[in-house]
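*Asks:* Next come the chains, spelled out residue by residue.
2 protein chains.
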Amino acid sequence: MQDARQIGYRAGRTSAMNVNGKPMRTIWATEDQVEILDQTQLPHELVIRRLRTADDVARAIRTMQVRGAPLIGAAAAYGVWLTARADPSDGALEAAARALLATRPTAVNLRWALEAMTAALRPVPPPQRAGAARAAADRIADQDVAVNRAIGEHALALLRALEPRRPRGGGAPPRLNVLTHCNAGWLATVDRGTALAGVYAAHDAGLPIHVWVDETRPRNQGAALTAWELGQQGVPHTVIVDNAGGHLMQRGEVDVVVVGTDRTTAAGDVVNKVGTYLKALAARDCGVPFYVAAPSSSIDWRIDDGRDIEIEERAATEVTEIAGRAEGGARVTVRLTPAGAPAANPAFDLTPARLVTGLITERGVAPASRQGLAALFPTEGARRS
Amino acid sequence: MQDARQIGYRAGRTSAMNVNGKPMRTIWATEDQVEILDQTQLPHELVIRRLRTADDVARAIRTMQVRGAPLIGAAAAYGVWLTARADPSDGALEAAARALLATRPTAVNLRWALEAMTAALRPVPPPQRAGAARAAADRIADQDVAVNRAIGEHALALLRALEPRRPRGGGAPPRLNVLTHCNAGWLATVDRGTALAGVYAAHDAGLPIHVWVDETRPRNQGAALTAWELGQQGVPHTVIVDNAGGHLMQRGEVDVVVVGTDRTTAAGDVVNKVGTYLKALAARDCGVPFYVAAPSSSIDWRIDDGRDIEIEERAATEVTEIAGRAEGGARVTVRLTPAGAPAANPAFDLTPARLVTGLITERGVAPASRQGLAALFPTEGARRS
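Taken in sequence, the protein lines are chains A and B. According to my numbering, the residues represented by the first sequence are 183 to 567, in order. According to my numbering, the residues represented by the second sequence are 183 to 567, in order.
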């Protein structure tokens, strides 16, 4: 519990996620700095970090204190604002954008947000750029919230069409079982989430929703972040290891899979957290619908084939070591492998469009295809080639 | 390093796995007790446990100090011997067999070994049962080693037929990339392993073999056990999270998948460590051959359809907590999830026969079908119905 958390939400906005019962965003700006919830400390501690320069923002993205494709887009936008306050010259802004873009190679929202900031600031005389940058970054953050709310409404319609069923071997009441991978929730965005926006909308609407939360090794965004934020909102959920989802689908215990995306191609291929592809295969094999919550900011209109997207390779220590809370409350990192065992750590994988039932965008649900996306986004779809 | 480990291997046997350069089995009997390598302490410590009663053996199986379908079969056989030493009456032996059978519900080797012990002891007058039981248990252990050696030879022929290839983006020499899930190695058996028997045979034969080691949450048998035993034998390997295998297959970095099995049906369905099904789906989607090393002791001739097999549900704490080695060397358990987060923990899943390229048995490689298995095992295949 920290007082700062109430700064996170300004009155008059659309309703927000709660932390300890109070509304809060994942990122917000004060007069002269940006504040974030440090996601590397969750679920064990609620820590607010203050970022004063674009370098601070780049470090927060690189170390995954902020993560999630939509949120790193918004964070980068605020990073440009921090630079514009200190040095609004073209050179300084370009250098900041370059440094921010280099933090994570896979998610396209980062490029999208930085291009939006550049477009907004280029015509503005340097002395007015700080104000313009703040307004533009706030716009990007607010737009993320509005987009996620729209995605949530479209996802709610899909969930309403499913039939709740009884859990196996028990007299428990029927429920709707959603499986999700990684964290594409409130914490991956400015507010509401993408994949979880529909879950929250359904929960708010009184649907008997229950979420299977993939742990999501190696960084455990599911076990640490998704479980935490679902718990904060009171949404019933169960954590499972990444290996278990296929078995649950075989047994009829998953009604729908909904995940986020770090980059969606113009033809509907989805690059998302490593392991997503395996769940998409199991969903196809078991006849379970597989949806991807894809805000248009995640769509890379310049690429058709997901195999052309660079997959970030992260540190081996993310595989060989893990941090958690020891008895007594201390955060402890332990090694899981024999000393010196080599490890590889690709962070994303490719789910081909053929495995995706639909892309849930802010404009509605599109088939995962060039035609499907172009029908909802005619301008972007045409601009590309 | 413990002196006891050299007791583990008797001269004159087929060549064994090495621990710190010395041959060692995973289980062995002295005059009056059974000794095991405590697998819950690996890879961080080499601890030998002494088991004096069938209850000790049952506890070791239940807590997974010994695990792996073939090894728990052999351990149960030695448990019957310990009972026969103390009380060779029918009642005592039946009670011991019942208690041992109840330790783990999924693997069929346990039932197979206990039935073999019962068949061997029933005609023997009680005063001679201790000696007969010891001989029968030794036979089961030795037979496991011989079976695994034969599986290794058949697997070697399959591996020889593959073309080694260069790793992506490097001038490294070509290698043969095997992906395996869980631990179906030396540690899962009395010696040599099932899935890894072929890897060891290939390594001994000078093939440039490299193993992708699935971590295998929640109990990390891959990261803790497979990586350790491959390291002990000097086989090149890389640990990956369970989520990463599909991506590696998409990128052409896996030439073959080889896993073990806890129970194989007469029609070739495979129940193995949870997550195996996901790898089989990815292998099928990427055109990678998917083999299951299946000693005949793992085949349940009474069942055709894998959906009829009980899947063990283990403790939620295996998901929410993990143990590892902290800086300084202490073994520490840490919590990964928010306090009170619910978790589910199915331990196995079903890989349908249609996804299995072949079953590597001690008699050769069979298509995963009733006909394929019956051709290699005509007696067992016919006896069933």
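Simulated from the structure, these hints should not be mistaken for lab results. Some hints could be false.
When chains are identical, the list treats them as one kind, so a pair holds in a single copy or across two.
With a straight-line Cα cutoff of 25 Å, these simulated SDA-like cross-link-like pairs (lysine to any residue) come out [what the hints assert, rightly or not]: (1) Lys204 to Ala521; (2) Lys204 to Gly540; (3) Lys204 to Gly522; (4) Lys204 to Pro524; (5) Lys204 to Glu227; (6) Lys204 to Ser271; (7) Lys204 to Gln310; (8) Lys204 to Ala328; (9) Lys204 to Phe559; (10) Lys204 to Ala268; (11) Lys204 to Pro308; (12) Lys204 to Pro534.
None of the values given here were measured: they were computed from a predicted structure.
*Asks:* Run every hint past the structure and note whether it holds.
*Replies:* Hint check:
Taking the closest pair of Cα atoms, Lys204 and Ala521 come within 25 Å of each other only across two copies (19 Å); inside a single copy the shortest separation is 44 Å, beyond that limit. For a Cα distance limit of 25 Å, the shortest separation of Lys204 from Gly540 qualifies neither inside one copy, at 34 Å, nor across copies, at 57 Å. With identical chains, the CA atoms of Lys204 and Gly522 are at most 25 Å apart between copies only, with a shortest distance of 21 Å across copies and 45 Å within one. Only between protomers do Lys204 and Pro524 lie at most 25 Å apart by alpha-carbon distance; the minimum there is 23 Å, versus 44 Å within a single protomer.
When the C-alpha separation of Lys204 and Glu227 is checked against a cutoff of 25 Å, the pair qualifies only within one copy, where the shortest distance is 16 Å, while the shortest distance between copies is 47 Å. For a Cα distance limit of 25 Å, the shortest separation of Lys204 from Ser271 qualifies neither inside one copy, at 39 Å, nor across copies, at 68 Å. Proximity of Lys204 and Gln310 under a CA criterion of 25 Å is satisfied in neither setting, with 35 Å inside one chain copy and 74 Å between copies. In this assembly of identical chains, Lys204 and Ala328 lie within 25 Å of each other by CA distance solely inside one copy; the values are 20 Å within and 65 Å between copies.
Taking the shortest Cα distances, Lys204 and Phe559 never come within 25 Å of each other, neither inside one copy (36 Å) nor across copies (66 Å). With identical chains, the CA atoms of Lys204 and Ala268 are never at most 25 Å apart, being 33 Å at best within one copy and 65 Å at best between copies. Taking CA atoms no more than 25 Å apart as the test, Lys204 paired with Pro308 passes in neither setting, with 38 Å inside one copy and 73 Å between copies. Taking the closest pair of Cα atoms, Lys204 and Pro534 never come within 25 Å of each other, the shortest separation being 39 Å inside a single copy and 48 Å across copies.
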